[in-house]
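Chains R and X supply the protein sequences, listed in that same order. Residue numbering for the first sequence follows this note's numbering, starting at 1 and increasing by one per position. Residue numbering for the second sequence follows this note's numbering, starting at 1 and increasing by one per position.
Since the hints were derived computationally from the structure, they do not count as laboratory data. Don't take every hint at face value.
Stated by the list, open to error - Okay, derived cross-link-like pairs now, DSS-like style, lysine-lysine, Cα gap no bigger than 27 Å in a straight line:
(1) X:330 x R:462
(2) R:201 x X:12
(3) R:616 x R:543
(4) X:320 x R:195
(5) R:432 x X:326
(6) X:194 x X:33
(7) X:33 x R:199
(8) X:239 x R:462
(9) R:288 x X:314
(10) R:424 x R:462
(11) R:462 x X:194
(12) R:462 x R:432
(13) R:543 x R:499
(14) X:330 x R:197
(15) R:432 x X:12
(16) X:320 x R:199
(17) R:424 x X:194
(18) R:462 x X:6
(19) R:197 x X:314
(20) X:320 x R:288
(21) X:33 x X:210
(22) R:288 x R:197
(23) R:197 x X:320
(24) X:194 x R:288
(25) X:181 x X:210
(26) X:12 x X:233
(27) X:12 x R:197
(28) R:424 x X:314
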Amino acid sequence: MATAATAPQDGLPASPDAIVVRFAGDSGDGMQLTGGQFTLSTALAGNDLATFPDFPAEIRAPQGTLFGVSAFQINFGSRAINTAGDAPDVLVAMNPAALKVNLAALKPGGLIIADTGAFTKRNLDKAHYEANPLEDGSLAKFDVLAFDISEKTIEAVKPFGLGNKDALRSKNMWTLGLALWMFDRPREPIHDWLKAKFKSKPDIADANIAALDAGHAYGETAELAGPVKQLTMPPVQSEPGLYRTITGAEAVSLGLVAGAQLAELPMFFGGYPITPASAILHHLARLKEFGVTTFQAEDEIAAVCAAIGASWAGQLGVTSSSGPGIALKTEAIGLGIMTELPLVIVNSQRGGPSTGLPTKTEQSDLYQAVYGRNGDAPMPVIAARSPSDAFEVAIEACRIAVEYMTPVMLLTDGYIANAAEPWKVPDPAGFKPFPAQFLTEPRGEELLPYKRDEKGARPWIKPGTPGMMHRIGGIEKHEETGNIDYSPDNHQRMTDLRKAKVENIAVPDQEVALGEDSGTLAVVGWGSTYGPIHQAVRRSIAKGCSVSHIHVRHIWPMPKNLGELLKGFDKVLVPEMNTGQFKTVLRDQFLVDAQPLTKTSGQPFQIAELEREIAKYFDGIEGNEGGEVAVNDQQLPSPIAEND
Amino acid sequence: MNAPVKIETTLKDWETDQEVRWCPGCGDYAILKAVQRTLPQLGCDPAKTVFISGIGCSSRFPYYMETYGFHTIHGRAPAFATGAKLANPELDVWLVTGDGDGLSIGGNHLMHVLRRNVNMQIMLFNNEIYGLTKGQASPTSREGTKSPSTPIGSYDHPARPAAFALGAGARFVGRGFDVSKNLPEVLKAAHAHKGAAFIEIFQNCIVYNKDVFDDFAAPKGAEDRQLWLENGKPMLFAKDSKGITLNRETLSLEVVDVVDGDWEAAGVIVHDVTNRSIAHMLVEMPFGPFPMALGVLYDDPTPTFEDAVIEERKMASQGKEANLAKLLGKGQTWTVSGTAQDPI
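Here chain R stands alone, though its shape is the one from the complex:
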């Protein structure tokens, strides 16, 4: 364990092993771009990282308003990073609204970098500030570096003859330049990116590069007061290999492409634009050379129906959406279950119900995934825990769909979809293929399109195959011929067979992610809560708590050993970003007294809040008497030193 860093009374420590920076500005200020480029540069510098883009649902909310603030947080370090970090060490505030919205999150003693040029009377009013916080002493417990970034940007790009309005668009690049200097990141990748992005407008590229360089030079040469000094952060000690950064949406797309290749099938992707799932459609639309057909349908229903139609015709049908779109697809998913065709459905969850919080994250579609259909309609559900994990999970979804002839739902969420992390590029030679088998002649004397194999899967027969003509549909069908059959015994048997098929899907045994196989407390998570749970459990173990982290990928069917595993713990705590859905499923399946810890603020869990909850189970541990009271952020080692 690293030694705890002192609170940065004299600015930030010179060489922390992890640091959290949040860029915040107006949604027109280009903060997501700034964050994305800073991320790239950080990855190339060899640090581990995790990011959290947090932006409003409006494309361009009115300028300067509180609801128009867009932020991008990155946690990076020379140790393994699992979360985007609880509290920022550095807040870059491009206007008063950005400061107001994000200040509460900033660590005491943290550094604020603010653009005084944007702290005008008008902007202060819009942010409901009565006085200028940069001048009224209200930021005394922070370090503040305030100067006129707007003016310096205009100066830097003056040689390019841009008007003030256009010049100010480079403000984010100036700020990025300063940030690159502060953390000793290379500028070249950003230069290259700008040149490529503005290939047809070299003037704009040059102006942005000039702004970037000016910001960098300002850090290098200006005689800045105490807080701003250059920090060095050595590369993380990672496994050797080739690395890149990846977002969840990219990882899902690549995993689907890999899955289709392993199944030796062309992929048909039916999609309809919806936040935060559209990125998958965008990525796949550019991968046509891999035998991918993307179809932007007229609505969510047509997207899934076309995918099922393609699966029927012999391709791997895939559709993707978020909760409201999944709701629309539900009837068709039922048909996929009834006709027993392969289908992968990706749900990038967002806050609900209804339109809910389109750009914020939540895990509240678990019931929808597991139970949300008419009739007894069992369907496998698996969940990705991080952006890079989504790659493997997407392959696994394809495997189950093809091997068991069933729709499969893959759950990610807005956080996973947008967040980036370094990813060790896998070698496809190591992937195990699962080639699809098509039936081209009857197995016995008679053609029996619903006669199952030992796994419970019916044969896949492509239309176009000579002599194998048959009809399928949503009406209950005979258990072997597939002809319409409403008879009571047949429906009973078919219901049982569909249930058994999904229950018997081979799922790897559940492993413990961290800690012992039994003990006082199991913290059971699924999906994107992996990072904060992992860190909270790690810290709790270090304090002497008998706590383990169990993270479930296979939500339905669950690993066969999970019930026994949970019985080895006195208590089970289930943190999730909903009102306790997985907790209910665990209670139902295993009769365990799982306790919920729920959060539906649209924000991911913080390590500290999970740690506080875990502490309640360990009253009497030294240094932790009284549970919650004893554990507070002041007593904890700073996350700066604690991101292993």
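Using the hints, position chain X against chain R.
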């Protein structure tokens, strides 16, 4: 168009062993026979032929065709058919829908499959009623239709399927009715059209909307009430004693008397299946003052959706290698050196 190799079959080859479950006397039987009679004449291959339907009486059709069949969900058949056709463009796709399935719950999908121009034959059985759910008014029911859901008569304005199809961008619009001897010819023309071919087939629901089309479909006096359109032929009916002319001042169609067979003197227009303006007038032509326009109203092919998709995929893949290892390692990467393993 779809089957390059003609296959020898008989009507029997297209019949399944399933018991047909429509009401005795239903117009669907006649349509089923017309289709089963037409496909052998076209040399179609049952293994490459697919029938896709939604929900409703008409949508049971695939169960009775010895081809591949997919009985899907209410209104969505065009979307399933689009996916199947894109996945395997060699399939000869027939879509079966009804006035409720195609114009009410599935109106959106019908519009998009037509405007995208996915190569398939779309047969909309229009009986102006919901049959399978026991007789409620449908979107094509005439004003004043009494039904369990409209006990004192419906008051919403009916949708007109052929006008809807043309408005949605259809490049083929045909019309026929269940017992018409000409129906196979309309089906053949639809099959010959490369693209989405829309056929409205008036169909008699003998239980809930009996004989509602008798005003033009009844054999007696049919000649006076049916205008069978033929490409390149004058628009004549009533034993060639009447014709359709275009009033060039009001830009509208009119019925004129033809004396001594001199249709040219009467100004009767010649049917040009590629004339979209006239097609718009024909689908809007009200029955009563005018005869019912039947046959091929419009037929002017344009490139199909699946061809465009294939072309795009070809262009987008040109010079690109489908190398998964390279794809995974794309973008800006960095190598962590060590002894354990080499990067790919």
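Hint check results:
{"no.": "1", "hint": "X:330 x R:462", "in the structure": "violated, 35 Å"}
{"no.": "2", "hint": "R:201 x X:12", "in the structure": "violated, 68 Å"}
{"no.": "3", "hint": "R:616 x R:543", "in the structure": "holds, 13 Å"}
{"no.": "4", "hint": "X:320 x R:195", "in the structure": "holds, 24 Å"}
{"no.": "5", "hint": "R:432 x X:326", "in the structure": "holds, 18 Å"}
{"no.": "6", "hint": "X:194 x X:33", "in the structure": "holds, 24 Å"}
{"no.": "7", "hint": "X:33 x R:199", "in the structure": "violated, 63 Å"}
{"no.": "8", "hint": "X:239 x R:462", "in the structure": "violated, 50 Å"}
{"no.": "9", "hint": "R:288 x X:314", "in the structure": "holds, 8 Å"}
{"no.": "10", "hint": "R:424 x R:462", "in the structure": "violated, 38 Å"}
{"no.": "11", "hint": "R:462 x X:194", "in the structure": "holds, 23 Å"}
{"no.": "12", "hint": "R:462 x R:432", "in the structure": "holds, 24 Å"}
{"no.": "13", "hint": "R:543 x R:499", "in the structure": "violated, 45 Å"}
{"no.": "14", "hint": "X:330 x R:197", "in the structure": "holds, 17 Å"}
{"no.": "15", "hint": "R:432 x X:12", "in the structure": "violated, 47 Å"}
{"no.": "16", "hint": "X:320 x R:199", "in the structure": "holds, 22 Å"}
{"no.": "17", "hint": "R:424 x X:194", "in the structure": "violated, 49 Å"}
{"no.": "18", "hint": "R:462 x X:6", "in the structure": "holds, 21 Å"}
{"no.": "19", "hint": "R:197 x X:314", "in the structure": "holds, 26 Å"}
{"no.": "20", "hint": "X:320 x R:288", "in the structure": "holds, 9 Å"}
{"no.": "21", "hint": "X:33 x X:210", "in the structure": "holds, 20 Å"}
{"no.": "22", "hint": "R:288 x R:197", "in the structure": "holds, 23 Å"}
{"no.": "23", "hint": "R:197 x X:320", "in the structure": "holds, 22 Å"}
{"no.": "24", "hint": "X:194 x R:288", "in the structure": "holds, 25 Å"}
{"no.": "25", "hint": "X:181 x X:210", "in the structure": "holds, 20 Å"}
{"no.": "26", "hint": "X:12 x X:233", "in the structure": "violated, 35 Å"}
{"no.": "27", "hint": "X:12 x R:197", "in the structure": "violated, 64 Å"}
{"no.": "28", "hint": "R:424 x X:314", "in the structure": "violated, 31 Å"}
Consistency note: the structure conflicts with the earlier hints numbered 1, 2, 7, 8, 10, 13, 15, 17, 26, 27 and 28.
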